[in-house]
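A.B. asks: Sequence:
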Amino acid sequence: MNRDSSIIPKIIVILGFLSVLSIILLFFRPRTAHKHQAPRPESQEKLFTQVILAAQPQIQKLWEEGDRFIKKGGVQCDSEIRFEQHIGRSYFQCQPHFWQCYWSGGVKADPAFNIDMFGQTFHLRAKRSFKPIPSYAPEQRFYEILKGPYHGLNFHKGMLVELTLDEVPDMTWPVILTDTCRDVYLPERIYGYGKIDSKKNDQGFIWDNFDRKIFIDRFYVSNQQINEWRQLTGKIQKIITDVSKWPLPALLNFDEQVNFCNFWGKRVLEAKLFDAATMTPSDTKEALPERIFRPQTPWQRDLSKTFLGMSRINSDYQLTPLDCQLAQVKGCKGKYFSTDSVTWMGMNYALGFYPESLVNTIEPEKNLKASSRFDLPSSVVHELGTLAKWDGIQDPKLPIAFRCYEEVSL
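231 is the number of the first residue of the sequence shown in my numbering; add one for each residue after it.
For the record, the hints were derived by calculation from the structure and aren't laboratory data. Warning: the hint list may mix true and false statements.
Listed next, the in silico SDA-like pairs over lysine to any residue satisfying Cα-Cα at most 20 Å (straight line) [as the list claims (entries may be wrong)]:
id : residue 1 : residue 2
1  : Lys425    : Trp437
2  : Lys425    : Tyr547
3  : Lys565    : Leu628
4  : Lys535    : Tyr547
5  : Lys560    : Asn492
Quick list of the computed label-pair ranges, beta carbon to beta carbon [as the list claims (entries may be wrong)]:
id : residue 1 : residue 2 : range
6  : Ile436    : Pro271    : 25 to 33 Å
7  : Glu516    : Val638    : 43 to 51 Å
8  : Ile543    : Asp621    : 16 to 24 Å
9  : Gln288    : Ser428    : 50 to 58 Å
10 : Ile592    : Val638    : 37 to 45 Å
11 : Ser365    : Thr569    : 25 to 33 Å
12 : Ile470    : Ile436    : 23 to 31 Å
13 : Lys619    : Ala339    : 49 to 57 Å
Idealized CB from N, CA, C, for every residue including glycine.
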């Protein structure tokens, strides 16, 4: 799949009426509206097309920014998705279950989008066109999960939906929505891996990703994402049906982690990529620095100036809500899909939270980010570059999360 590092269109529209066999590929991005009023099309087909195209920005916003549609009272779709305080609003972005909830009337009584054109108000809706997923609910769906390619379109994962207008009821517009919210781009520059011996006058292991387009998952892979994988691979009996567990990190053995990432054309995150994503460069604009520094935390080069360092000195240190936003350690309340812990390039959960599975081609036995919510803030594991060994088998006493990354060619 081709991507550009600056603007990456990921929402694909399939233009096709029931009587049209050809498929036209368009990038579903908002375009500058013309100020002059276009004449009303004479045919219903052209009218339908122009109204749907005018609604693109609203559809895109619903998909990518579902969190902005949620009012104080939350959502009313307990079988699909729940609004809970310990689940960050990022969970509702590019979220199939939120899409299902919205068009089912779980966010507002009448979910239609009103499009004013040609002196008339048109009402756009998603169509309940797809078969039910019995593990979730008996009703038909407003979407179907696809694995690409599809009709010649090259993508890893997409969500097929159909749009209609109340005023033109005999036509539908198929759309493929792709996950524009999951990953972030790793800038091209020189990076360091691991810690260095301060007594040695060298830079340790350094590498670069010039001419490489690498995208890293922002969050851990969730149980909801595992459910989608199991649907597509026919492992229906393994689907987790408890809605409250869907946002939580998926706890798979290492072999299953590899299979999941590979299924979507990705890989389990590498240790050197983790360091690159979390060790903030001294100058983010300089891709060829003379020296590569290894900060001890993503937010402060000197750990002693952070709450983690203070906890090592003062055994009576009391954690604050701000501390827990930066790194969930022992004593913090669990929160998922939180964006307070974001690193310099947009990845989350650098320190604390869950131990994380990593592939390490440099030091194969160091395959686990050790810092986690299961260790006190005074623990020495809470420091970038601190890795441990994992045997690849999940242990209920120390659950291991993971994420994927993708490298694409232009």
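A.B. asks: Now tell me if each hint is right for this structure.
C.D. replies: Going down the list of hints, with the structure as the test:
Pair hint Lys425 plus Trp437 holds up; C-alpha atoms about 14 Å apart against a cutoff of 20 Å. Annotation: proposed proximity of Lys425 to Tyr547 is violated, straight-line Cα distance about 27 Å (limit 20 Å). A threshold of 20 Å between alpha carbons decides the hint, and for Lys565 with Leu628 the separation of about 17 Å falls inside it, so the pair holds. With a CA separation close to 13 Å, the supplied pair Lys535 and Tyr547 stays within the 20 Å bound.
Restraint check: the Cα-Cα separation between Lys560 and Asn492 comes to about 33 Å, which exceeds 20 Å; the hinted pair is violated. At roughly 60 Å, the beta carbons of Ile436 and Pro271 sit outside the given window of 25 to 33 Å. The hinted window of 43 to 51 Å between Glu516 and Val638 is violated, with their beta carbons roughly 25 Å apart. Take Ile543 and Asp621: their Cβ atoms lie about 34 Å apart, and the range 16 to 24 Å is violated.
Taken as a hint, the range 50 to 58 Å holds for the pair Gln288 and Ser428, whose Cβ atoms sit roughly 55 Å apart. At about 23 Å, the beta-carbon gap between Ile592 and Val638 misses the expected band of 37 to 45 Å. One distance hint, 25 to 33 Å for the beta-carbon pair Ser365 and Thr569, holds here, with the actual separation near 29 Å. At roughly 42 Å, the beta carbons of Ile470 and Ile436 sit outside the given window of 23 to 31 Å.
Under the hint 49 to 57 Å, the C-beta atoms of Lys619 and Ala339, about 54 Å apart, fit the expected range.
In this structure, the hints that do not hold are numbers 2, 5, 6, 7, 8, 10, 12, in rising order.
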